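Engineer: Sequence:
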Amino acid sequence: MSVSVEKLENSMAKLTIEVSAEDFSKALNKVYNKEKGRISINGFRKGKAPRKAVERVYGAGVFYEDAANECINNTYTAAAKESGEDIVSNPSIEVTQIEEGKPLVYVAEVALRPPVILGQYKGVEVDKLPSDEATDDDINNELKRQQEANAKTNEITDRPVKDGDEVTLDFAGTVDGKAFEGGTASDYELKIGSHSFIDNFEDQLVGMNIGEEKDVNVTFPEDYAQKDLAGKPAVFHCTIKKIKEK
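The opening position of the sequence shown corresponds to residue 6 in this note's numbering, with each subsequent residue numbered one higher.
Quick caveat, the hints were computed from the structure, so don't treat them as lab data.
There's no promise every hint is true.
[Unchecked claim] Straight-line C-alpha distance at most 25 Å; calculated DSS-like pairs for lysine-lysine: (1) Lys-35 / Lys-247; (2) Lys-107 / Lys-157; (3) Lys-39 / Lys-247; (4) Lys-31 / Lys-149; (5) Lys-86 / Lys-39; (6) Lys-39 / Lys-219; (7) Lys-35 / Lys-249; (8) Lys-19 / Lys-86; (9) Lys-247 / Lys-107; (10) Lys-41 / Lys-249; (11) Lys-149 / Lys-251; (12) Lys-51 / Lys-237; (13) Lys-41 / Lys-246; (14) Lys-219 / Lys-249; (15) Lys-167 / Lys-31; (16) Lys-149 / Lys-249; (17) Lys-35 / Lys-51; (18) Lys-237 / Lys-57; (19) Lys-196 / Lys-149; (20) Lys-196 / Lys-35; (21) Lys-149 / Lys-35; (22) Lys-31 / Lys-157; (23) Lys-51 / Lys-31; (24) Lys-133 / Lys-196; (25) Lys-237 / Lys-53; (26) Lys-247 / Lys-41; (27) Lys-31 / Lys-196; (28) Lys-107 / Lys-57.
These figures come from a predicted structure and were not determined experimentally.
With the hints as constraints, model all of the structure from the sequences given.
Structural biologist: Below is the structure:
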């Protein structure tokens, strides 16, 4: 994250805040994982459609607004502190650049504390404000949030896939030897053990190595939303491209 300050008239300032492309991409994935349970796409059970499939149907920017809010909420307080300015108002936010693969840029217009010329103050009585100390729960919640936000992901090259890994894969599905809508994706990110796909799909990826190809055999459930696939066996040709762990 970076921040620059432009002083305006009447004790106002404009903070231009840039969030890295990597952090914006993480926010997109977080929003997708939060919202996917409410999304229905032909070819997938409700809540199980890959992000790429959702974006093809609803548009590439379907998760942009929520991801931008996620980034702003996670960075504004630190950016305001880094600016070194004495800010006395809530910010007026405007996003000026938003596109996956590029940094997210937003502008926060704020009021600054104006210079004070002291008048007669001796002998003036004031009431002491009550303390607003953080509770143990406040501290623990913030520590947990920071831990989750700063968890490092390491790319693995010297072992096969295991439960809990995050893998990047290509897959192409067929039923009765024919491709079906939503059954193909490239560079799809999947956490093993998340049960985002049809039962037993993820289990069959365990033990695969980077670059390895494999046919994964599954059966669509009888109550599958897309009736022409319900209860039918399917084959997904999968290629593992990356393995990561936290």
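Engineer: The structure should be examined with respect to each hint, and the outcome stated for every one.
Structural biologist: Hint-by-hint comparison with the structure:
no. : hint              : result
1   : Lys-35 / Lys-247  : 19 Å, holds
2   : Lys-107 / Lys-157 : 21 Å, holds
3   : Lys-39 / Lys-247  : 23 Å, holds
4   : Lys-31 / Lys-149  : 17 Å, holds
5   : Lys-86 / Lys-39   : 29 Å, violated
6   : Lys-39 / Lys-219  : 29 Å, violated
7   : Lys-35 / Lys-249  : 16 Å, holds
8   : Lys-19 / Lys-86   : 14 Å, holds
9   : Lys-247 / Lys-107 : 22 Å, holds
10  : Lys-41 / Lys-249  : 22 Å, holds
11  : Lys-149 / Lys-251 : 15 Å, holds
12  : Lys-51 / Lys-237  : 17 Å, holds
13  : Lys-41 / Lys-246  : 23 Å, holds
14  : Lys-219 / Lys-249 : 19 Å, holds
15  : Lys-167 / Lys-31  : 22 Å, holds
16  : Lys-149 / Lys-249 : 22 Å, holds
17  : Lys-35 / Lys-51   : 18 Å, holds
18  : Lys-237 / Lys-57  : 24 Å, holds
19  : Lys-196 / Lys-149 : 21 Å, holds
20  : Lys-196 / Lys-35  : 12 Å, holds
21  : Lys-149 / Lys-35  : 16 Å, holds
22  : Lys-31 / Lys-157  : 12 Å, holds
23  : Lys-51 / Lys-31   : 23 Å, holds
24  : Lys-133 / Lys-196 : 53 Å, violated
25  : Lys-237 / Lys-53  : 17 Å, holds
26  : Lys-247 / Lys-41  : 23 Å, holds
27  : Lys-31 / Lys-196  : 14 Å, holds
28  : Lys-107 / Lys-57  : 18 Å, holds
Violated hints, in rising order: 5, 6 and 24; the structure is consistent with all others.
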